[in-house]
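Visitor: These are the residues of each chain, in order.
Number of protein chains: 2
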Amino acid sequence: MTSANGELDGVFSYVDAHREAFIERLIDYVRRPSISAHGVGIAEVAQFISGVLNNLGFNARVMPTDGWPMVYGERLEAEGAPTLLLYGHYDVQPPDPLDEWVSPPFEPTIRDGRLYARGVGDNKGQHFAQILALESLLAVRGALPCNVKVLLEGEEEIGSPQMPSFIATNRDLLHADLVITSDGPVDESGRSTINFGNRGVLSFELQATGANRDLHSGNWGGIVPNPIWTLVHLLQTMKNDKGEVTIDGFYDNVEPLSPLEKQALAKLQVDLADVKRSLNLTDLDQPLERGFFERLMSWPTFTINGLHGGYGGPGSKTVLPHEAFAKCDIRLVEAQTGDEIFEKVRAHVAAHAPGVKLIRQGSMDPSKTPLDSPYAAPIIRALTTVHGEAPILEPTAGGSLPNYVFTKVLQMPAFGVPYANADESNHAPNENMELDRFINGIKTGAAMVTFIGAMRGEVD
Amino acid sequence: MTSANGELDGVFSYVDAHREAFIERLIDYVRRPSISAHGVGIAEVAQFISGVLNNLGFNARVMPTDGWPMVYGERLEAEGAPTLLLYGHYDVQPPDPLDEWVSPPFEPTIRDGRLYARGVGDNKGQHFAQILALESLLAVRGALPCNVKVLLEGEEEIGSPQMPSFIATNRDLLHADLVITSDGPVDESGRSTINFGNRGVLSFELQATGANRDLHSGNWGGIVPNPIWTLVHLLQTMKNDKGEVTIDGFYDNVEPLSPLEKQALAKLQVDLADVKRSLNLTDLDQPLERGFFERLMSWPTFTINGLHGGYGGPGSKTVLPHEAFAKCDIRLVEAQTGDEIFEKVRAHVAAHAPGVKLIRQGSMDPSKTPLDSPYAAPIIRALTTVHGEAPILEPTAGGSLPNYVFTKVLQMPAFGVPYANADESNHAPNENMELDRFINGIKTGAAMVTFIGAMRGEVD
Numbered sequence: 015m016t017s018a019n020g021e022l023d024g025v026f027s028y029v030d031a032h033r034e035a036f037i038e039r040l041i042d043y044v045r046r047p048s049i050s051a052h053g054v055g056i057a058e059v060a061q062f063i064s065g066v067l068n069n070l071g072f073n074a075r076v077m078p079t080d081g082w083p084m085v086y087g088e089r090l091e092a093e094g095a096p097t098l099l100l101y102g103h104y105d106v107q108p109p110d111p112l113d114e115w116v117s118p119p120f121e122p123t124i125r126d127g128r129l130y131a132r133g134v135g136d137n138k139g140q141h142f143a144q145i146l147a148l149e150s151l152l153a154v155r156g157a158l159p160c161n162v163k164v165l166l167e168g169e170e171e172i173g174s175p176q177m178p179s180f181i182a183t184n185r186d187l188l189h190a191d192l193v194i195t196s197d198g199p200v201d202e203s204g205r206s207t208i209n210f211g212n213r214g215v216l217s218f219e220l221q222a223t224g225a226n227r228d229l230h231s232g233n234w235g236g237i238v239p240n241p242i243w244t245l246v247h248l249l250q251t252m253k254n255d256k257g258e259v260t261i262d263g264f265y266d267n268v269e270p271l272s273p274l275e276k277q278a279l280a281k282l283q284v285d286l287a288d289v290k291r292s293l294n295l296t297d298l299d300q301p302l303e304r305g306f307f308e309r310l311m312s313w314p315t316f317t318i319n320g321l322h323g324g325y326g327g328p329g330s331k332t333v334l335p336h337e338a339f340a341k342c343d344i345r346l347v348e349a350q351t352g353d354e355i356f357e358k359v360r361a362h363v364a365a366h367a368p369g370v371k372l373i374r375q376g377s378m379d380p381s382k383t384p385l386d387s388p389y390a391a392p393i394i395r396a397l398t399t400v401h402g403e404a405p406i407l408e409p410t411a412g413g414s415l416p417n418y419v420f421t422k423v424l425q426m427p428a429f430g431v432p433y434a435n436a437d438e439s440n441h442a443p444n445e446n447m448e449l450d451r452f453i454n455g456i457k458t459g460a461a462m463v464t465f466i467g468a469m470r471g472e473v474d
Numbered sequence: 015m016t017s018a019n020g021e022l023d024g025v026f027s028y029v030d031a032h033r034e035a036f037i038e039r040l041i042d043y044v045r046r047p048s049i050s051a052h053g054v055g056i057a058e059v060a061q062f063i064s065g066v067l068n069n070l071g072f073n074a075r076v077m078p079t080d081g082w083p084m085v086y087g088e089r090l091e092a093e094g095a096p097t098l099l100l101y102g103h104y105d106v107q108p109p110d111p112l113d114e115w116v117s118p119p120f121e122p123t124i125r126d127g128r129l130y131a132r133g134v135g136d137n138k139g140q141h142f143a144q145i146l147a148l149e150s151l152l153a154v155r156g157a158l159p160c161n162v163k164v165l166l167e168g169e170e171e172i173g174s175p176q177m178p179s180f181i182a183t184n185r186d187l188l189h190a191d192l193v194i195t196s197d198g199p200v201d202e203s204g205r206s207t208i209n210f211g212n213r214g215v216l217s218f219e220l221q222a223t224g225a226n227r228d229l230h231s232g233n234w235g236g237i238v239p240n241p242i243w244t245l246v247h248l249l250q251t252m253k254n255d256k257g258e259v260t261i262d263g264f265y266d267n268v269e270p271l272s273p274l275e276k277q278a279l280a281k282l283q284v285d286l287a288d289v290k291r292s293l294n295l296t297d298l299d300q301p302l303e304r305g306f307f308e309r310l311m312s313w314p315t316f317t318i319n320g321l322h323g324g325y326g327g328p329g330s331k332t333v334l335p336h337e338a339f340a341k342c343d344i345r346l347v348e349a350q351t352g353d354e355i356f357e358k359v360r361a362h363v364a365a366h367a368p369g370v371k372l373i374r375q376g377s378m379d380p381s382k383t384p385l386d387s388p389y390a391a392p393i394i395r396a397l398t399t400v401h402g403e404a405p406i407l408e409p410t411a412g413g414s415l416p417n418y419v420f421t422k423v424l425q426m427p428a429f430g431v432p433y434a435n436a437d438e439s440n441h442a443p444n445e446n447m448e449l450d451r452f453i454n455g456i457k458t459g460a461a462m463v464t465f466i467g468a469m470r471g472e473v474d
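Residue numbers (our numbering), protein chains in the order written: chain A, 15 to 474; chain B, 15 to 474.
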């Protein structure tokens, strides 16, 4: 243990000495757009990050799929030591609404110790920190303390549609003792965090049509159906104003929390007044009778991501619109599945608004790793070493990652170790990452690889 | 009577001989944008159309208001004859969505006997037909058979906010025996039509806000209120899926139909199958138990003109949006008023969603002229002369015009004599007017002025 910490000191000094160079390289990375939803820049960025891994001797390759490619590389030289799979994604969210960005999304800008750019927190700054951790370990020690596989996906932001088949056809290649993902934000308090699971997500679109063209609301109002009213009346049958999803059977497979999970949730702290102040809210959302963290982590949601129909310009326009759509996502918890809930949504729409078209856009099932997994210890130790205090343990995170392919298909424990600040504004304008957290992420990555390597012989 | 018809023959020949020249002049007029909602081109078009009237000896002027100006001109030379006020509006609707226009909205294009351009039917092609009628009468006869006042408004498409005060401060200037407005479409059957009233309209916007920025639906879903859900839940309390407006007291002042109105409604004909076919609809809107024409003309509506919030681009985006708005209009019938119904909407929103901001955008009260007014006769005769068959009599039109300022403030009978085809697509892409109807509008205008002039001594 002391020896491992001693060796780490040298690595940490190396990271500190290269702080400015590492930040410059991060800026170079996030400057490159890679928007999976629009197919922008994907191929170029896959080649780029594959090249970075190759420079570290990872024998990296860009592996084609039926969608955007995976980037995979490995160094398997620590005989007898555990094998760690590092997962991340090199694609980013679309940057709109553009006019709400203070600096353009693909012109990375440092303000007040943060780097502002689309994708800096979600997820480039986080997996790039892992890669720089490997680079720093190799530079200082000449070898990695455990075996490391790196998988970077290009479609996480559109729901990881290729992950299940890619994992299924590459079981041996991806086989490892554990997988670590650094994505999403740390706890609101700023303390480092380990996530043991994720909510799943199901995305779909509802499309309503009226006449074959926009009409005058005076000459046709009262006669011709209005697709916006159709969506309003359909949606209100799907979730009531108490926050309860009213789709038949929606909660059937929601599992009760385990005692360990209840304990962990009870330890989580939040300053509700501060949350409301920082978001400028007077009230939080229903159902208020469930606790903050239960609603956030262990309870399903139904979010309308966007609803658009008819006139949206300045002033008024007396138009009766002829089409409208709603984009929605439902966050799933164990043991709900995307297939199960989509079928329930389908049956509901067919019963309540048969004329509305329902389009499935993608899903990820939820995942959970037991809080008492033996691989939790070296991760807790790494975060404690870097931050000087023990991390918060989250039974599940609110957001979604395709971890179910690791926990349910590859049957390995999966841990989330986020490096980004809580107000990273991922999926929103002015996405940012605190540069100190980026640097600490590099150190955490180096410490995790070191302490997992030190488990040689302890597990199995 | 014969003499009047005889003189008209010469005027009609003159109109036919100038058909191409008149169409060219209409093209020149509609090529000029005059979008009141955006403040585009208004001053230029007011000057232009004032100049056209001046060339006819109408001593026209552009009269400033607190909004866009009025254009007014008059020729009062027919001593002892009635005075006719012609009302129209030189402003047009915004042209978006631009990508649905086959030819650009301000590049007038003739296809299949129709002229396509924003504002050609609503209202430039119609009041320009009246002006060319006066020009033709003057060219053939050297004088007008009745006294004529012309008032062209620049804010009809944004709810005529200045009309009430303008009318109130110019009572003497605008005093007349009747007012005729040519706007909106003729009956679906294509038969010419006289409207004896209009539904009113109240426009407002609902604005909902959540947090102070867009958030990630996974990291915040279940915790932070969603303004789109707020609007869905509010709107569904305002109108149910049976088409009934459920705002307290909404129907209190809806007047029952008079026997004459019931008779007139019963005479109106519609081919429901054809309406559905032409609009590509399988069903019409609720409440189906009320007849087609009652719903269209004599029953209030509640239309969502547009609802926008959150992501609207391609694919999916797991965002929890922070703002959403709905633009709405309510069509009013006698004796509802804009003030009354807005107050009821305000009370409803305050009770059901106090955090939602309600913005009044404008209103026009409904209006009605008795079906047995003596001035109906010369208008019926004019339409019968031009079209060879008696017009349809509509107790009210579905659309809204500021006619209440004529019927309720100036206390004169008001008649709508639309010249545009039923599928003119006013307020929508590909607005158009059949050129034959434009030419017949010129002839109708000339005939109305002639037959009203022939009433000299009959009324008063």
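Hint data in this document are derived by calculation from the structure and do not stem from the laboratory.
Keep in mind that a hint or two might mislead.
Which copy? The list can't say, so a pair holds if one copy fits it or any two copies do.
[What the hints assert, rightly or not] Listed below are the simulated DSS-like cross-link pairs for lysine-lysine, each with C-alpha atoms no more than 27 Å apart in a straight line:
id : residue 1 : residue 2
1  : 290       : 371
2  : 281       : 371
3  : 256       : 358
4  : 163       : 371
Visitor: So, for every hint listed, does it hold in this structure?
Guide: Consistency of the hints with the structure:
With identical chains, the CA atoms of residue 290 and residue 371 are at most 27 Å apart between copies only, with a shortest distance of 20 Å across copies and 37 Å within one. Proximity of residue 281 to residue 371 under the C-alpha cut-off of 27 Å is found in neither arrangement, the shortest distances being 44 Å within a copy and 39 Å between copies. When the C-alpha separation of residue 256 and residue 358 is checked against a cutoff of 27 Å, the pair qualifies both within a copy, at 20 Å, and between copies, at 25 Å. Taking the shortest alpha-carbon separations for residue 163 and residue 371, neither the intra-copy value of 42 Å nor the inter-copy value of 53 Å comes in at or below 27 Å.
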